[in-house]
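*Asks:* Listed in order, the protein sequences are those of chains A and B. Take the first sequence: its letters are residues 3 to 83, numbered as in the working numbering. Take the second sequence: its letters are residues -9 to 189, numbered as in the working numbering.
Note that these hints are calculated values from the structure, not bench results. Each hint should be verified, as a subset may be incorrect.
Simulated pairs of lysine-lysine, BS3-like, Cα-Cα distance not exceeding 30 Å [what the hints assert, rightly or not]:
no., chain 1, residue 1, chain 2, residue 2
1, B, 178, B, 35
2, A, 80, B, 25
3, B, 178, A, 80
4, A, 54, B, 35
5, B, 178, A, 29
The following residues of chain B were derived to be distant from chain A, with all beta-carbon distances above 10 Å [unchecked claim]:
no., residue
6, 13
7, 99
8, 128
Covered, in the sense of this in silico footprint (three residues per stretch, anywhere, with C-beta under 8 Å from a C-beta of chain A), are these stretches of chain B [said to hold, decoys possible]:
no., segment
9, 52 to 66
10, 129 to 137
From the three backbone atoms N, C-alpha and C, an ideal C-beta is built for every residue, glycine too.
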Amino acid sequence: MSQEFKVAQVLDARGKSCPGPIIALKKAFKNIEAGEVLEVQATDPGSVEDFKAWTEETGNLLLDSRSSGGVYTYYIQKSED
Amino acid sequence: MSDTLNQEETLEQQIERIVNQQVAKALDSQIIELKKQLQAPQKKKQARKVAIIASKGTLDMAYPPLILATAAAAMGAEVQIFFTFYGLNILRKDKNASLQVAPIGNPAMPVPIPNIIGMLPGMTPAATKMMQGMFSKHNVQTIPQLLQDAVELDVKLIGCQMTMDVMNIKKELFVDGVEIGGAATFLKFAFDADVSLFI
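When you get a sec, could you build the whole thing from the sequences and use the hints?
*Replies:* Here you go:
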């Protein structure tokens, strides 16, 4: 059951190694508004735990994470600042 | 007479009723205000602080402080790195792209090299080349790139005044945005830090 999200922006962090994906994520989050959803694609297997930790720490919402063919896709909703 | 008394009582009662109402109203609004104040700090928590000392200048040891600093900053933390002794090389424009790793006395190298061979000329550049190759194969950023990220993420970079003087390193050799300070500068920040690391 793959739910569709209204995605405001897509961030391609494929190929980046730790801490590349979360640095890219932090930068991309500056450009979206509260309530909007950012889709992030990454290939770093460490990003699975890192994205969970990042969203918990920053108070943003990890709506869903999927993995297919070595690519991890995350849907993160920006909370109020 | 009794009529007047009744009237007085009624007046007192009236006053009491009105006063009670006003007090209750004032208390209600105060309670609402206090509740708001109680919830406010939970919503807007203070940024975490991460204090790191970078004291090593080899390629392998330059990575951990920069990776942790940039990751912490990306997670919203306020981060300071205090560069001291060989760690100052990480800040140097003329050196940070060519930091090396030595195979001698390092049994943990991916391909262990006996010390007697590791001591031969050319072995340190060879081991460095191998490690650089491994990093780039996995798209790990270079030290200058990570340093650039750190600056962009507002990580505060502090060069240790004393070791700069001892090793005759001038501030002009550093990348832009480096501040100079001493032990107390770092400690003042580290006293309140959630994470303190010596690397």
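*Asks:* So, for every hint listed, does it hold in this structure?
*Replies:* Structure-based check of all given hints:
1. B:178 <-> B:35: holds (21 Å)
2. A:80 <-> B:25: holds (26 Å)
3. B:178 <-> A:80: violated (33 Å)
4. A:54 <-> B:35: The given pair, whose Cα atoms are some 19 Å apart, holds under the 30 Å limit.
5. B:178 <-> A:29: Given pair residue 178 (chain B), residue 29 (chain A) holds - Cα atoms ~29 Å apart, limit 30 Å.
6. 13: holds (36 Å)
7. 99: Its Cβ never comes within 10 Å of chain A, the nearest being 20 Å, so this holds.
8. 128: It is violated; residue 128 (chain B) is separated from chain A by about 5 Å at its closest Cβ, not greater than 10 Å.
9. 52 to 66: Satisfied; 7 residues make the cut.
10. 129 to 137: n = 3 at 8 Å, threshold three: holds.
In summary, the numbered hints that this structure violates are 3 and 8.
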